[in-house]
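As given, the protein sequences belong to chains S and Z, one line each in that order. Once you know that position 126 of the first sequence is 126 in my numbering, the rest is easy, because the numbers rise by one and skip nothing. Here my numbering = 1-based position in the second sequence + 1000.
Simulated from the structure, these hints should not be mistaken for laboratory data. Watch out, some of these pointers could steer you wrong.
[To be verified] Anything over 12 Å on all C-beta distances counts as not near chain S; from chain Z, calculated:
1) E1064
2) D1076
3) R1078
4) Q1091
5) I1097
6) D1112
7) N1273
8) K1279
[Said to hold, decoys possible] Each pair of labels, with its calculated beta carbon distance range:
9) Z:E1090 / S:I79: 38 to 46 Å
10) S:K204 / Z:M1152: 52 to 60 Å
11) Z:T1109 / S:R32: 53 to 61 Å
Just so it is clear, CB atoms sit at the ideal spot from N, CA and C, and this is done for glycine as well.
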Amino acid sequence: MANFVNLEVFSNYQKYIDNEQEIRENIRIKVREIEQFVKEATIQLQAIHSDLSKIDSACQAARKQIASCAGVYKQLSEIIPHGQYYRYSDHWTYITQRLVFLIAMVVYLEAGFLVKRETVAEMLGLQVSHTQGFHLDIEDYLMGILQMASELSRFATNSVTMGDYDRPLNISHFMANLNSGFRLLNLKNDGLRKRFDALKYDVKKIEEVVYDISIRGLRNETPQPTAENAVSNETTSAEAKSD
Amino acid sequence: MSQNSRSRHNNRRNQQKHKSDRDTNYGEELNPVVKVFQEYALELDDKHDRYERIVKLSRDITIEAKRIIFLLHTIDGRKNNRSKVLEEAEQRLTKVIEVNFKSIALELTGQDPYQYRCSYSPGLQEFIEAYSFMEYYKNGADEMSGTMSDWMVLQQKMQYERDDKLNTIKDDSQKSIDSPNEVDIENDIKTVPQKFEFIVDPTEYILGIADLTGELMRRCINSLGSGETDVCLETCKVLQQLYSGYISLNVQRSRELSRKIYTMRQSVLKAENVCYNVKVRGGEAAKWGAVFENKMNDDLDEGFY
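Please put together the full structure from these sequences, using the hints given.
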């Protein structure tokens, strides 16, 4: 009984875990590369909050950065052994969510609809189903979409400030669709659920912006920087802040 | 029975969902967002349901493993019941492998096992604890120089073959030992639906063995109560060896393991203290020392102090 303990088990496990650490180290390097591209793209997209005329160029610049990520994802997928995606996925879930957010934002700004999961996967060179290989997790996609909702509510207030009164209505309609879509999901009590709970505040904020411009009859009018507009802008942003 | 009520519940939930779909479809018949989200909902539901099913299976394994451990604790040198208890424990453990783990493996075929790791991890760890505890007894019973089996041995035991008839289990562990090509077949398990396995993750194994030390400590204390002081010394030795094995591991950022190693240290200290008391005071007095925290008993301590 005394020689029950097999110390070889521990040395074998040490080998196993060392191997895992090495893979994790390689993943971290790749994820850092993606982070750099994401950062650039995020900075480019900030332009939309200060200058509406820059939207197209900002989207193009962001697209360029996003396209660069696909190559890194390919290298990342080569590091991960087959069928072990979820063993290491915690390294890249956050950054993937961020990328989904950026792509969704760009597609909305360019075309005005919600980007599909398939399209996001295609842009990043990922698969849709885990059986096909390195894929885009559905929860990451949904998290990214929810992040976009917060950004859009910020964009709605800013576009009013910049004199575009039609855009908030557009965004509001889009968000209502998104909200009804999310309510079809049976969410577990997890991170996604928590993030979804925040969606109603974003929807509320946009509805208030729409309300503000509606009661002042500002919709469907050509933007004219009058004294009245300036006042309404102030109240809108003040209310938005107090949210 | 419980399976039925569960699926009924699911149906009800789906019906509700479909109803709400119809409600929204009145206004937005062609809303593309809603359309894609219906697909996402199905996918998420499938994932959550599978997760819950595995949690249930895992809970059954945990309960059975705990009972087997309890059974093993009834082994007593005075009663000579070792071989009988061991036989029963081994039978029940084999049953867990062939029924419960097979069901989990079935749920996980074609899935990424790491995705559902949290759902089956408690059951697996408890099972490993029970299994290694059984092996520990077996090792002493046969007077062999056998050691604890590692995760590869368990992995070998958890190979299954799909069978059309329900409840008939084919264990091809024999086959896997015979044919050296088994490893190649294992790697292609995703493409061949006939064979499947339950993947024993080495980390889960190491965590399960860490729990074993708690049982060894209990055995050490129990045998003090029954007067088998040689068992105390022997379990203490095993504990020390396991502990030195664990502290030799260099694992980064594993909170679960470091917590277990901390607890293990407490167990080792406790067992060492028992051995110390046995040595200084003799078996009988140490028993009272451990139970009543050195409370003096005039009748019993005579001749030992």
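Earlier hints that do not hold, by number: 6, 11
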